[in-house]
Every structure is written in C-alpha cells, then in structure tokens.
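K.L.:
Protein chains in written order, with full-length UniProt numbering: chain F, 1 to 265; chain P, 1 to 265; chain E, 1 to 265; chain B, 1 to 265.
It should be emphasised that the hints constitute simulated quantities derived from the structure, not laboratory data. Check before you lean on any hint, since a few could be wrong.
[Said to hold, decoys possible] Okay, the calculated beta carbon distance ranges per label pair:
| # | chain 1 | residue 1 | chain 2 | residue 2 | range |
| --- | --- | --- | --- | --- | --- |
| 1 | B | G241 | E | M90 | 34 to 42 Å |
| 2 | E | T248 | B | E123 | 45 to 53 Å |
| 3 | F | N247 | E | T248 | 16 to 24 Å |
| 4 | F | H79 | B | Q182 | 22 to 30 Å |
| 5 | E | Y10 | B | Q62 | 49 to 57 Å |
| 6 | E | S174 | F | T86 | 52 to 60 Å |
| 7 | B | E108 | E | G241 | 52 to 60 Å |
| 8 | E | E108 | B | E148 | 51 to 59 Å |
| 9 | E | E108 | P | Q182 | 12 to 20 Å |
| 10 | P | Q182 | F | G150 | 53 to 61 Å |
| 11 | E | S174 | B | Y109 | 25 to 33 Å |
| 12 | E | S174 | P | Q182 | 32 to 40 Å |
| 13 | P | G11 | B | Y109 | 50 to 58 Å |
Backbone N, C-alpha and C define an ideal beta-carbon position, used for all residues, glycine too.
There are 4 protein chains.
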Amino acid sequence: MQDTDKLEIYGKSFDSRLLIGSALYPSPKIMQDSIRASASEIVTVSLRRQSPEEGGGTQFWQQIKDLGLTILPNTAGCHSIQEAVTLAQMSREIFDTNWIKLELVGDEYNLQPDPIDLVKATEILLNDGFEVLPYCTDDLVICRHLVELGCKVLMPWGAPIGTGKGLLNPYALSAIRHRFPQITLIVDAGIGLPSHAVQAFEMGYDGILLNSAIAQAQSPVTMAASFKAACQAGRLAYEAGRMPEKNTAQPSTPTLGMPFWHQTG
Amino acid sequence: MQDTDKLEIYGKSFDSRLLIGSALYPSPKIMQDSIRASASEIVTVSLRRQSPEEGGGTQFWQQIKDLGLTILPNTAGCHSIQEAVTLAQMSREIFDTNWIKLELVGDEYNLQPDPIDLVKATEILLNDGFEVLPYCTDDLVICRHLVELGCKVLMPWGAPIGTGKGLLNPYALSAIRHRFPQITLIVDAGIGLPSHAVQAFEMGYDGILLNSAIAQAQSPVTMAASFKAACQAGRLAYEAGRMPEKNTAQPSTPTLGMPFWHQTG
Amino acid sequence: MQDTDKLEIYGKSFDSRLLIGSALYPSPKIMQDSIRASASEIVTVSLRRQSPEEGGGTQFWQQIKDLGLTILPNTAGCHSIQEAVTLAQMSREIFDTNWIKLELVGDEYNLQPDPIDLVKATEILLNDGFEVLPYCTDDLVICRHLVELGCKVLMPWGAPIGTGKGLLNPYALSAIRHRFPQITLIVDAGIGLPSHAVQAFEMGYDGILLNSAIAQAQSPVTMAASFKAACQAGRLAYEAGRMPEKNTAQPSTPTLGMPFWHQTG
Amino acid sequence: MQDTDKLEIYGKSFDSRLLIGSALYPSPKIMQDSIRASASEIVTVSLRRQSPEEGGGTQFWQQIKDLGLTILPNTAGCHSIQEAVTLAQMSREIFDTNWIKLELVGDEYNLQPDPIDLVKATEILLNDGFEVLPYCTDDLVICRHLVELGCKVLMPWGAPIGTGKGLLNPYALSAIRHRFPQITLIVDAGIGLPSHAVQAFEMGYDGILLNSAIAQAQSPVTMAASFKAACQAGRLAYEAGRMPEKNTAQPSTPTLGMPFWHQTG
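Pulled out of the complex, with its shape left as it was, chain F reads as follows (with noise of 0.2 Å):
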C-alpha cells in the first residue's frame, strides 16, 4: 500500500495503475489503440509468441517499440523451472531490462502457477540479479515466501486467466494486503469487467495487469478508456475512505416535519 499516489515498481513510478497485455487483440492497430486508451505505462509480452503468421513477427514486435512504454517481459507458457529461468534470460538481453513477469504453468486445468516451483524460480531469479514480478494464487503463506525472498512487487490473481471471474476470494486477497502492507501488490489475472478492478483498489490493491478484458471485449478501444477511468476511480476511492456500511436504513435527509420556509432563517 503506497503512500504516494504513484505505483512504484522497483524503484520506478508510474502514473498509471494499469499494466496491459499484447495478446488476443482483433488487429495490430486496435491492439495499439486499446493500450494507448488505456494510457497504461507498461506493457507486457512475451518472446514465445505465436507465429508470424499469427501477427507475432518482427512487425508486431514494431508495433510494441513504436508505443514507447516500459516492456514488462514475461514467461507464459513455460512448464518448468529451467525453462522460465533460460526465457527470463534470453528476455533480459533482448529487452534490456532486470524485471521480469514470473509465469510457471503449474496445471493445464486452470493455468494456475505451481507454488513450489515458482518460489523456487523466483529465488533463481533474485540471485541472478532480477526483479521478479511473479504471477502467484491468493495463497499467504505462498506469498510470504515470495516477499522473504526479496520480492517487492506480489501478483496474485483474482480468478484463473481467461475466465473473466472477477475476484473470486475477496477474503484471501485481503489478507494479503493486511499482511504486506510495504508491499506493491498487482492483482493479475481474472478481471473481467472495469467494476472488478475497481473492487481490488478499493482493498487497497495497488495496481491490475489484465488482457483479455480489453482484447476481447466487443470494443476494445472503448473497453481500454473503460479501465483508465476505472483504475482512477478505484485508487481515488481507496484515498478517500469509504462510508462505514450500515445494517439498517438512515434517512439522507433528516427532517424537521416543518418546511424551511416556516423556519427563522
């Protein structure tokens, strides 16, 4: 939970409190569009992208330079340890950056991390001199791990990605908070809809990293300016303080029974 009102990141700030993906988009140019209407700062890809037949050749990866946004590496897709360290390697030389997204497919059922090997890569990674990002469950003990390790930056999902589920345990996310507060923490994954996203600043969450609630909305150019105001609205609402919930009704207008006008003014 940051003081400021800037994410940091490793020692970087950003404005934006969204991070986008680059997959799933309809075309190159509404790919561009959407993370320019999302005024996001950060974008991340992958280097085991899909083939250039698919949109994933040097010209999409143009496409991600000519947006001039910082470039969060990530390792989707990778099954094993060696396999997230070697691309987490590969990916630091060619994008010039220490940080990478840790992503370690853990079940093909629901494309969760596998918490052993993931802190196990992570601890890999710190010794090797990178700041890890990585993709976790909302499992505390998990993330205490994570944290004892070096990690400053935690991304838990709200539901498996893809489903578009929103925040699935409300509770667990929020004990994260409670437990880690000089910790930035990111929900990644499950977002469906600008209200989720809203819901996780309002625990105090620090930032979202989202893809296919804007890649495969019916529009996703207007869905992208949706989840710009959201993110606003959301840490605003967090800064504020809500109202405290109440169980039974109080009248917003308190009354006298006497018109005002019978009222010495």
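Guided by the hints, dock chains P, E and B onto chain F, whose structure is given.
P.N.:
What follows is chains P, E and B alone, placed relative to chain F:
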C-alpha cells in the same frame, strides 16, 4: 437504455450520469467542493430541511444556488400521499420546475417506499403536470405500473438508503432493465462504493443517485472525484461490451514452444 | 418465528415444515413416491390443472387424495383479482377448506405477483372467510399491508418461480423476519437446492414451499428425501444458534507446546 | 467422488460423512453428548492438548475413549516439519493407528498450512507408512502434488479455521473436485453453518470436518443433530442431481385456462 452518450431526463440531456444529494456533509464548504468535484449536473434537495442551526437555513439555499446546477426537488421524509403531493406542489413553485423526485416512506425499518401509495401519488402528480422521478424498490410490476402511468424515468433502489450495501439484488435490477429498454433507469439509494456504481452501469443502468457514499466518506471531495470517474468507467464499459465470461482458464499468450527469433519473421 | 417445534398455519400444527407442489413430475407414480419421501404433510394443487392427456384428469386427483395430506389449493395462473377470487371460491367448495394459497400473476417476465392486486384480493378473500396464504415478493411494506389485513402466514419468494436460483436477496428476507416475529413465514418459489432450504431456516423462516426442485431433479424421490433432511437440519440450526462468525482465524486446538503425557494428569 | 453410499478413508468405510473435533466445548459432558448427537464415527484429537486444568488431562482421554469412535490424530499447532513428524509418530504409537491428519501452520494470520512444508512432511510420513489426511488450502496444484505422492484423501479448507465463513471460494473447491474424481475430498475448516455443509456435498465433496460450528454454537448438542441431518441432506442432493437452474421464471403449474371439471376426465 439510451443510445446517445447523454443522460436523458424528461427531454433534457446531461453529460454527467451522477445525480447527487445535498445532505449529511461535514460542512457547507465541503458540500460545495464535493458536488463540484463530482461533476454532477443535478442536485436533489428537500424543502423539509433540517433547522438553520444544523445548516438548513437561508445560507444553505444560497450555497445550492451558487452551484448553478439543475435542481431536483424531492419529498424525502413524507409518509402520506397528501404530504408528498403538497410538498411537491410547494417545491414546484419555489424551484420553478416540474420535476419531482417522489419519495414516500412506507416503513421506518428500511425506509423503503410504500409501493401502493407511490403509484397513487405518481398518478396524482402526473395528472397535475409534474414530471415524476419515483424512488421505488426493485419490484418489476410496480415499475410497470409507474411506466404505464407515464413515467419516463424510474429510480429503483440498490439497497436501503444509507446502508451503502450496494446492489443487493442484481437479478431484479437486470430484469427491470430488460423489461423496460426505453425508460431511463437510475439506481437510487444503497450505493456505498464506486464499484457499486460501475456495476449499475455495466448492467445497462443510465444513471445513479447517491448522497451518503460521498458525504460520509472520510474525504468527501476525493470520493466525489472517484464517483465521477466511476460513472465514466461504468458507462464506457456498457458501451464497449464485456468479454465473455468463461468457466475454465484460457491462456492469453498462446505459445508455440519456440521463441520468435527462431522463426522466419 | 414460532417457539414450538411445529409449523403453525392458521391454528393447525404440522411436524413437517416442507410444503410441496404437485406439478411437473415425470409420472404420477414418481409424484406420489416423491411426496411421500419428502414427509410433507401439505400439498398444494390447482383446479386449473393441465388436461387429462397430460395427467390432469380424474386419475390425478385420486392420486393426490390417496396421499392423505392436507390440501392447500392455489390460484396459480390467475391474472386478475376476479379470476383468483372465483377460483378460490370454487376451490373452497371442492376441497372443503378455507385455506387458499393466493397467486396473482403480475407480469409474464418473472411471473411475480402484482403487489397491488394481491393486497386487494387478499382483503376480499379474508372478508369472505378465507384463511389466505399470499404468495408475495420480498417487499417489506406489501408484507405489512398483508399482515395488517389479517394474514397470519406470508409466503415471500426467494427467486422467480422455476429458476432454482435460491434466496436472491437474503437481506430483504431477513428484514421481513425481524419485522414480523409473530407471523408464520414460508419461502415460496426459487428454491433449487437443499442448501437454499437450510439457509431459509437458518435465518428464522418457518417453512418452505417448493415444486420444481424436487419434480425436476434427476431423481425426484431421492431429492425429496434430501429436502426432508434439509428441513430438519435447517430448523435445528435455527434452534441451536450459530457460532459467531469471525474475521480472523481461531485455533480450534489451543496448545501448550507440551504433549499431555508430560503433564500431571 | 465415491460411487457407494459410504465414506471411504484409506480402505475403511463409514456411514457418517461428518468428522468431528474434540476441542472448545463448554464441558466434557457436552462434548460427549454433541459427538453422539452428530452420529460422527471419526473424532480428531491432538496429543498437544490443553492442560489438565482446562480439561486436557486423563479424564479427557477417557471420555474420548468412551465414545468408541475411530480416532484421527492430528498435528494441530505444529509449525515445523520435524515437529509434525515427531508428533505424528508419537500419535501412531499411542493411538495405534496409521492415520494422521497433518496440520502444519504456515502463518499466524490465517493459520493456514505452509503448502511447501506440507508437501514435504506428507512425503516423509507416507514413506514412513502413514496414511496421511493433509489439511490443505484450495490450491489445485498443491492438491495434485499431494495426490501424486500417494494421498487418497485431501482436506482442503473452506475458510480459515474458526471463522465460520463457509466456502469462500466455491470455484476453487469445484475445480479440485473435477480434477480428482477418484480422491476422497473432505472440506476441513471454515464451516460455520449447516447450509455450508450441504453446499460442500452438493458440489460433490465426500465429507466435512468441523469443530467450532458445533462446539461454539449456543446449543452444541442441537447443532450436532442439525449437522447430522445436513450431511444426509447434502449427500442425497448430490446423488439426486439438481434441477437445472434457469434465468427466467417457469410456471410450475401449466394451465389451460379451463378448470378440470369442465374437462372430460
């Protein structure tokens, strides 16, 4: 559900989809600043205001006037048809408007409207030339009666007033939306958080009306700015059309098992 | 909320808190077996039954009669006050009972009652000597009008009939419970699962009425047995008084750090 | 998901699907009466019990013994692998059973298990001849590791222990059910109400384990009887197969507009 990007209320158009109340603020200054920060263009007020000592005197009305907004008089605190009709008529004279937000308290427990008297009072006021914005529950049949009488705007609740519990019955609210596509629908009462507001717009509601969520936030002015952004986010989300929700995980980065630089770009 | 362990309906007592419908079963035999397995003592039937070809003929009525249960005639499918009153009067003669489950369809979209006509028809029937069990929504003020007219039993919905969505608005149902401690409250419509039934009892409801949840289960007879047990579980839970819900974990095995055999027992 | 109507745990069959704890009861007498009323056949106990003054002495063990139930020793309160393994070995000797409910506290905040140490300790204990029932979170991959090591039973949580919050993440629990159809799955921790228990069974879980929900109810013995019925209701519901949930209302009494006595029966 309106096709334009404006909120339409009885023939008038508004850029802001947020209607705001004027009670319960820590001070008149904070009320003014909050309402300005909200970008709301419509403020609801009651002639049956609290006593001058509590801030309900001449000065209060001057402050409301200074805001330069469209005034929506309400009948908050009225318990009988006669009382509500009389107050509506007084309000029409004093505020020089045919609009009336009709509130008719039906029970002290949850301060909800009496559906039967609400329909009767609406009929009387419509016949008397008013443009009625009835505060109602999420009862589909009562809503239909109000529409059949001639209401162009309905204001079903999300939750009992002042509770901040959000949208207690999204199913019922959605049913009203689907049943009355031509009517301007505004969620009135119960909204406690900006995420609640976004949800209302995501399901196709045209506007929201709230008071406590801003006035009783720890920082009302900041919360007002949050709701301003939330209304934008929500409406854009509705226009954009959400990604399909899925029950199983979907990779957002389809991979080939082969880094791109091995490919013929 | 009744203090005895019996369900009280207009002066009669029942061991079973489950009221059951007689439609939509795969066969008359399965209907009989299901109703017996449910241990229900009250079955609701409509004179306006489907045609003989569809199982609504003389044989159907004989099968109902063979069950030896208390008959609760209903006015399902009636759309006007006059229609409902007439059907209630015919039902009284034929079934020789003052009881009537008053249903008055107010809209084809969700098949909910028309609250205004429901109140009017209730008044007519009460004045005509009926003991009315009105099927109503979860509207607190409509419920109060029905109570003030003299109803001793209310049957608010959990969700629209046939949806099986359970208790869509527990807050509203709880408000009705707290507001009318002396009235027999039965959730009617919307229950799809035994867990929904248990929830209704946990919040203090006195009974449930359902049809599709059993008749349209894959195995109706087994589901009937499940609901029988669910009603017992739910009522006992209400009587037992739940443990307090807590926001943080509490060990259920407080330990001393010292196995007991090191202790002086 | 077992095909028989018995709960199978490492080759033994049980009629009751409720496993019960032995702590936190108001008195030893109430403990005995509650456990009997629950019809549970398996009671979980910890050697690291409270001091004799608090009811943890010889007398306590005699009372447990008098119940004549299958004993499931647990390692509640253990924070390290070594501690848990040692306590498991002691428990095996004293209770003469290979069963061990493995608990390994990973964090004081929510008292959840440490997933990494849990897997390691499970491996050690399985290799040492134990039949391990691991208390785990709802993490699908950790569950798979435990299954791959040889566990035939898993006990994922519903919510943090002692909170009574029920099933916080039904999606995650369902994923575990679908992924491991052959494993006996028991919800352990978090159940506060009988409706929570029924939900667990409705989604295909084979059993539940609880303690506080009964021991800290206002009337533990009555609540025990409620949970007995809830387990029956839940399992029968699962076997019966629920009605399809629908999004729009469906009449349960299809009508012809013509009372039956006008028809040729």
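K.L.:
Does each hint fit the structure? Answer for all of them.
P.N.:
Going through the hints against the structure:
{"no.": "1", "hint": "B:G241 to E:M90: 34 to 42 Å", "verdict": "holds (37 Å)"}
{"no.": "2", "hint": "E:T248 to B:E123: 45 to 53 Å", "verdict": "violated (31 Å)"}
{"no.": "3", "hint": "F:N247 to E:T248: 16 to 24 Å", "verdict": "holds (21 Å)"}
{"no.": "4", "hint": "F:H79 to B:Q182: 22 to 30 Å", "verdict": "holds (24 Å)"}
{"no.": "5", "hint": "E:Y10 to B:Q62: 49 to 57 Å", "verdict": "holds (52 Å)"}
{"no.": "6", "hint": "E:S174 to F:T86: 52 to 60 Å", "verdict": "holds (57 Å)"}
{"no.": "7", "hint": "B:E108 to E:G241: 52 to 60 Å", "verdict": "violated (29 Å)"}
{"no.": "8", "hint": "E:E108 to B:E148: 51 to 59 Å", "verdict": "holds (54 Å)"}
{"no.": "9", "hint": "E:E108 to P:Q182: 12 to 20 Å", "verdict": "holds (18 Å)"}
{"no.": "10", "hint": "P:Q182 to F:G150: 53 to 61 Å", "verdict": "holds (59 Å)"}
{"no.": "11", "hint": "E:S174 to B:Y109: 25 to 33 Å", "verdict": "holds (31 Å)"}
{"no.": "12", "hint": "E:S174 to P:Q182: 32 to 40 Å", "verdict": "holds (35 Å)"}
{"no.": "13", "hint": "P:G11 to B:Y109: 50 to 58 Å", "verdict": "holds (56 Å)"}
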